[in-house]
Amino acid sequence: MTEPLIIDLSEVGRRGVSLPACDVPETALPPETLLRDSLDLPEVSEGDLMRHFVHLSQMNYAVDIGMYPLGSCTMKYNPKVNEDAAALPGFASTHPYQPAETVQGNLKLMYGLQECLNAITGFAAASLQPAAGAQGELTGALMIRAYHQARGDTQRTLMLIPDSAHGTNPASTAMVGMEMVEIKSDARGLVDLADLRAHLSDRVAGMMLTNPNTLGLFERDILEITRMVHDVGGLMYGDGANLNALLGIVRPAELGFDVMHLNLHKTFSTPHGGGGPGSGPVVAAPVLADFLPGPTATAAGPGDKAPYGLTMPVQSIGRVKAFYGHFGILVRAYTYIRMLGAAGLKGVSQIAVLNANYLQALLKDTYPVPHAGVCMHEFVAMGQLPDASDVRALDIAKRLIDYGYHPPTNYFPLIVPEALMIEPTETEPKRVLDAFAQALIDIAREAREQPELLHAAPVNSPVGRMDEVRAARTLVLRWQDRTTTE
Amino acid sequence: MSSTARSPFVPHTAAEVEAMLARIGLRNLDELFEAIPADARFPAIDLPQPLSEMEAMAELRALADENKNLEHLACFLGAGAYQHYIPSIVSHVTGRSEFYTAYTPYQPEVSQGTLQSIFEYQSMICELTGMDVSNASHYDGATAAAESVIMAVSASRDKKKRIVLSPTLHPEYRETIRTYTQGMDLTFVGDQDLSTRDPNALAALVDDETACLIVQNPDFMGRIWDLEGLADQVHAHKALLVVACNPIALGLLRTPGSLDADVAIGEGQPLGIPPSYGGPGLGFFTCKREHVRRTAGRIVGQTLDTRGQTGYVITLATREQHIRRERATSNICSNQGLNALAACVYMAALGKQGLREVAALCYHKAHYAAQRIDQLPGYTVLADGPFFHEFVVRCPRPVSTVNAHLLEQDILGGLDLQPIYPSLTNCMLLCATEVNTSAQIDRLVAALQEVSA
Amino acid sequence: MKVDPECRYSKTHEWVRVEGDEAVAGISDYAQHELSDIVYVEAPEIGDSFAKGEVFCVVESVKTATDSYMPIGGEILAINEELEDSPELVNKDPYGDGWFIRFAVEDPEEVDKLMTAADYERYIERLQKEGEH
Numbered sequence: 001m002t003e004p005l006i007i008d009l010s011e012v013g014r015r016g017v018s019l020p021a022c023d024v025p026e027t028a029l030p031p032e033t034l035l036r037d038s039l040d041l042p043e044v045s046e047g048d049l050m051r052h053f054v055h056l057s058q059m060n061y062a063v064d065i066g067m068y069p070l071g072s073c074t075m076k077y078n079p080k081v082n083e084d085a086a087a088l089p090g091f092a093s094t095h096p097y098q099p100a101e102t103v104q105g106n107l108k109l110m111y112g113l114q115e116c117l118n119a120i121t122g123f124a125a126a127s128l129q130p131a132a133g134a135q136g137e138l139t140g141a142l143m144i145r146a147y148h149q150a151r152g153d154t155q156r157t158l159m160l161i162p163d164s165a166h167g168t169n170p171a172s173t174a175m176v177g178m179e180m181v182e183i184k185s186d187a188r189g190l191v192d193l194a195d196l197r198a199h200l201s202d203r204v205a206g207m208m209l210t211n212p213n214t215l216g217l218f219e220r221d222i223l224e225i226t227r228m229v230h231d232v233g234g235l236m237y238g239d240g241a242n243l244n245a246l247l248g249i250v251r252p253a254e255l256g257f258d259v260m261h262l263n264l265h266k267t268f269s270t271p272h273g274g275g276g277p278g279s280g281p282v283v284a285a286p287v288l289a290d291f292l293p294g295p296t297a298t299a300a301g302p303g304d305k306a307p308y309g310l311t312m313p314v315q316s317i318g319r320v321k322a323f324y325g326h327f328g329i330l331v332r333a334y335t336y337i338r339m340l341g342a343a344g345l346k347g348v349s350q351i352a353v354l355n356a357n358y359l360q361a362l363l364k365d366t367y368p369v370p371h372a373g374v375c376m377h378e379f380v381a382m383g384q385l386p387d388a389s390d391v392r393a394l395d396i397a398k399r400l401i402d403y404g405y406h407p408p409t410n411y412f413p414l415i416v417p418e419a420l421m422i423e424p425t426e427t428e429p430k431r432v433l434d435a436f437a438q439a440l441i442d443i444a445r446e447a448r449e450q451p452e453l454l455h456a457a458p459v460n461s462p463v464g465r466m467d468e469v470r471a472a473r474t475l476v477l478r479w480q481d482r483t484t485t486e
Numbered sequence: 001m002s003s004t005a006r007s008p009f010v011p012h013t014a015a016e017v018e019a020m021l022a023r024i025g026l027r028n029l030d031e032l033f034e035a036i037p038a039d040a041r042f043p044a045i046d047l048p049q050p051l052s053e054m055e056a057m058a059e060l061r062a063l064a065d066e067n068k069n070l071e072h073l074a075c076f077l078g079a080g081a082y083q084h085y086i087p088s089i090v091s092h093v094t095g096r097s098e099f100y101t102a103y104t105p106y107q108p109e110v111s112q113g114t115l116q117s118i119f120e121y122q123s124m125i126c127e128l129t130g131m132d133v134s135n136a137s138h139y140d141g142a143t144a145a146a147e148s149v150i151m152a153v154s155a156s157r158d159k160k161k162r163i164v165l166s167p168t169l170h171p172e173y174r175e176t177i178r179t180y181t182q183g184m185d186l187t188f189v190g191d192q193d194l195s196t197r198d199p200n201a202l203a204a205l206v207d208d209e210t211a212c213l214i215v216q217n218p219d220f221m222g223r224i225w226d227l228e229g230l231a232d233q234v235h236a237h238k239a240l241l242v243v244a245c246n247p248i249a250l251g252l253l254r255t256p257g258s259l260d261a262d263v264a265i266g267e268g269q270p271l272g273i274p275p276s277y278g279g280p281g282l283g284f285f286t287c288k289r290e291h292v293r294r295t296a297g298r299i300v301g302q303t304l305d306t307r308g309q310t311g312y313v314i315t316l317a318t319r320e321q322h323i324r325r326e327r328a329t330s331n332i333c334s335n336q337g338l339n340a341l342a343a344c345v346y347m348a349a350l351g352k353q354g355l356r357e358v359a360a361l362c363y364h365k366a367h368y369a370a371q372r373i374d375q376l377p378g379y380t381v382l383a384d385g386p387f388f389h390e391f392v393v394r395c396p397r398p399v400s401t402v403n404a405h406l407l408e409q410d411i412l413g414g415l416d417l418q419p420i421y422p423s424l425t426n427c428m429l430l431c432a433t434e435v436n437t438s439a440q441i442d443r444l445v446a447a448l449q450e451v452s453a
Numbered sequence: 001m002k003v004d005p006e007c008r009y010s011k012t013h014e015w016v017r018v019e020g021d022e023a024v025a026g027i028s029d030y031a032q033h034e035l036s037d038i039v040y041v042e043a044p045e046i047g048d049s050f051a052k053g054e055v056f057c058v059v060e061s062v063k064t065a066t067d068s069y070m071p072i073g074g075e076i077l078a079i080n081e082e083l084e085d086s087p088e089l090v091n092k093d094p095y096g097d098g099w100f101i102r103f104a105v106e107d108p109e110e111v112d113k114l115m116t117a118a119d120y121e122r123y124i125e126r127l128q129k130e131g132e133h
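For the protein sequence lines, the chains are H, B and R, in the order given.
With my numbering as the guide, the letters of the first sequence map in order to residues 1 to 486.
With my numbering as the guide, the letters of the second sequence map in order to residues 1 to 453.
With my numbering as the guide, the letters of the third sequence map in order to residues 1 to 133.
No lab work stands behind these hints, which were simulated from the structure alone.
In this text, all values refer to a predicted model and were calculated from it rather than measured experimentally.
Check each hint, because a few of them may be wrong.
Derived DEER-like restraints, expressed as beta-carbon distance ranges [said to hold, decoys possible]:
#, chain 1, residue 1, chain 2, residue 2, range
1, B, N200, R, E84, 33 to 43 angstroms
2, R, M1, H, R227, 18 to 28 angstroms
3, R, P5, H, L453, 42 to 52 angstroms
4, H, G66, B, Q192, 48 to 58 angstroms
5, B, R307, H, D202, 36 to 46 angstroms
With a straight-line Cα cutoff of 30 angstroms, these simulated BS3-like cross-link-like pairs (lysine-lysine) come out [to be verified]:
#, chain 1, residue 1, chain 2, residue 2
6, R, K92, H, K184
7, H, K184, R, K129
8, R, K2, H, K184
9, R, K113, R, K129
10, R, K63, H, K364
Beta carbons: idealized from backbone N, C-alpha and C, even for Gly.
Okay, chain H solo, but in the shape it has when bound (with noise of 0.2 angstroms):
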C-alpha cells in the first residue's frame, strides 16, 4: 500500500480552498526584478486533497491505535479535553505581543504552570520557554557556562557525561563549548562511584546526569554523587527525560540538582505529534534560578498595570527562542496537571512502574536482562537469544509490528549489546501488557524454529524495510528531486 505524491494528483486549474477577492483598492505590484517567476504548488481539490493525508494517517502507527513501548519516550495516552483546550480561540488566537494586559489569561496559566512544576519538583524557580527537551538541555548547559562565567571561574570546562546518556547530553555539551568527560558504569548499570571521583577536579564546571537512567535503574547514589559533584564546585543538570518515574515519589531538587529540564511531551500527556511541537521547560535551584532564560511569567508588584506581567530574570542567559515559549503545549500540559493534581501524578509514577516491573517479570525468562531487579518506568532487556545467533533486537523489532505493536527503542542504550528498551507507561492496562509479552514471547520461539519469518518482517505493514543505504546514497530530498535520479 503507497500513496502517491500530492503534486501527481494535481491539474492546472484545481484549487483546495477559496479565498475573498480583493475589497480595496489594488496597488501596482513591485518591480519585476523584486517578484518570482514560477510557482509549482500543487493544483487539488480540497476532496482529493483530504483524501491523501488520512491515507497517509492510515500508514502511521499511534498511541491511540494500539501499545508504543518505545524506552525513554513515554508514549503515554494523550487526553482529548487537552487539545481541546489548546485549540479554544482565547489561547490559540492571541499574538505574543498583546499588551499585557489583554492577555492575563496566558499569563495566569503560565504563572500557575511555573508554580505547579516548581512544586513537582522540588525546584525554587522555572522558565517554560525552552522548545523541547534537547533545547532544555543546552539551556541549562548555558546556565551552568554563565553561573562559573559570573564568578570568574572560566577554567570550568569539563561536563561529566555517564555512558548510558541520550545523545543530545553530550551534543548540548559541545554545543555551549565544553569538552564532555565519559564516566563509566558499574556492573550494577548505575554511575562507577570510582569513575567518577576519578574525574572530579575544579575543572568539572558540572554533571548531567538522567535519573531513573536509561537503562531504567534508579542511581542508588545519587546523594552521594550529587554531593561529590558540589564539593569540587560543579553544578548538577538532571535530564527530566524519565521524570515519569517520580511524580510524587521524589523532588529531584531534594536530591541535589541544580536545574533540570522537563519533558512535558512525555510526563505531562502532550502529544509527541510525529516528532514535535514539544515543549521542555527548565526548573532551578536558588544558585540558578536568575539565569534561567526568559521572559517568565511573573506576579505583578505594586504599580502594575495588571495582576500578572513577563520579566527577564536579572542574570538571564538571554532568550532561547522567539517569545515565551511552546504556549499551546502549556496549556494541554497545565490541563493535565489539573485534573490529576498530587495523588492522580503520584498514581501516574507508581502505575507506569509496576507496568514496567511487571513486563519485566513476564518476559525476563525470555529476554536475558542484564540488569534485572526492580526497575523504575522502563527496563532494558537484550534482543539477543541464546539458542538463535542469526535473529538481532532488530528483527524481533521488526517482527512485533506484525504482531500489531509499536517495537520497542533499539540498540540504546549503547551499553547494553542489541538492547530492547521498553517503557510501556502507565496507560496501558494489564491486559494489553499480558497480550504484549506473549507477542514477545511467540517472537523467541518464532526465532528458534522459523529465523526466517523475522528476517522478512514485517510483512503485515504498508510497506517493508527500507533500503535506507539507497536513501543514502542517491539522497532524493524532494519531490523536483526524482527527474534528475530515477
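Chains B and R: place on chain H using the hints.
Same frame as chain H, but now just chains B and R:
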C-alpha cells in the same frame, strides 16, 4: 488505594494491581521505590485539588476568556507572528490522532504517513524558497537562524568567527543567535543601529574572517530589498549569505534561491498555524545542496522497500545527536512535526494560485491602509521603498497612547518600535493581511484620526 | 577477508601504500566489511596536514560515523573525488578504486612501524576470534 481505577488515564483496578504485584513478587507498591533515599521518598506535593474533565475545561475556558483574542479584535499587529486565515482542512488533518499521537518516525514501516508528509513539506518549502534542500523543521524562525549561524561557522571549518547581522533581522532572532552561540567565541557586527539597514551597507562589513551575513527580506519593518548581487559580494570573501524570509511573501517575491543565497530560513507560522501566543511555531531551514551534510535536524529522503515500493525514511542521520553525540551538527532531536504537517496541508490547499492570491491580498490591504494613514494629519508612513504587508508609521503621540485608544475600540495596534530602535520615536510597525477587511481598515484609520497631537 | 600484500596497515584498519615520496591510503577490506554499506566519506581538503594518528576522514554507513586515523603523517595532495558520488567503491574495491587520499609522506620511518600484510592478517584473525566469544 481506591477500589476502582484512579483516573480515566490509568486503567488499573485494585485487583489488577494486586495480581501484578504478586507476579513481580512484591507486597505493595511502596516496595517498588526502595532505591529512593528514604528521607526524600514520597514528599507531599502542594498542588491545587484535582478537577473532573468538565471542571478542568470550565477553568481553562475561564482563563481563555480572560484574554482578548484575535477573533474579536481587529488585528494590525505582526512583527514575527501573523494572523492569516487557516482553511478548515488544516485542523481536520492535524486533528487525526494517527498523526498527532505518533512518535518520531524512526520505524519507517509504520510511519509512512508522517514520513511522506514531511517529504512533501520539504518539497514545497524548497519550491517556495527556491532552495535545494529543506530539513524537517526547527523549533521556530529564531532557532533556525541560530542553527544557520552555527552551520556557517562549521562550513568555514570553525576558522571564521565573525558574523554580520542585519539590524532589521527580527530582534528576538538576533537575541536567540547570541544566546545559542555564547560558548562559541563569535563576534557579531552590523546590528548596532539602523545605519546598516541597507544590505549593501551591510555587505561592506563582510571580510575574509566573516562566516556569514544574515539579512531579512522583507526586513523586520516590512521593506523589500533588492538583493541582486549581494551573494556575489558575500561569496567574494568565502562567506555564506543567509536570508530570513516570510513564506507568505514568497508567494509573490523573488526567492532566496534565485538570488544565490546559501541558506534561507524563516518562521513558518503564517502557513496554517495559529499564533497561539507565540508558539509552537515552525522554523523552516533550507540550503544549497553542498551544505546538506552540515545542516542540523532531521531530513527525510525517498527510497524503495524490500517489496519494490516507493517509501520514505529519515536519512543522513549520521549528522544527528543520537549517532554522532558530541560531534553532531546540533543537539536537536525533535522537529515541529505536527506544525510541519499543518504547513504541508496549507501549502497544498492554497496551491499554486492560492498562495499568490493570499500574498497579493496582504500586499494590497497593507498598501491601502498605509495610503489612508499617510493622509491623516500628524501621521507619516516612513516608506522609502517597496514594502510587503508591514510598514512603519510615525504617530503624533507615543505609541502606547495610540494603542491604548485603539484597544478601547477593539483594535490591536502595531508594535512600538522605539524600544528596539531608539531613533524611531513614536513609530509603530503595522501589519495587514488577507483577514483585514476594508471595513476594519476604515475603522483603524478613523480611530487613529481621533488621536491627534 | 582480503589483505593487499603491497600495503602496510594500522591497528585502526587503515592501509597505506608508499610510492616514492608520496603515499596512498584507505581503509582495509576488513574495515569496509565491518562498516557494511558505506554511504559517504567525509574527505579532508587538499593542503591539510595531519600527524600520524589524527583523524583525516570520517566514513559513514547508514547508522554509524567512524573516524579514520592517519596511518603516517603527511600533507594531503589529492582526495578520491569519485567517492563523492560513488561511496560504494570503498565496499567494492577498498585497496583500489576505493582509495581515500594521496599525501606527501613526512617521515618515511613511520612506515616501518606499521604492520606488514602478514602481521595484519594475523591481527584480524585474532580480532575475529575474540569477536566470537
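Next item on the list: List in ascending order the numbers of the hints, as given earlier, that are violated by the structure.
Entry: 2, 5, 6 and 8
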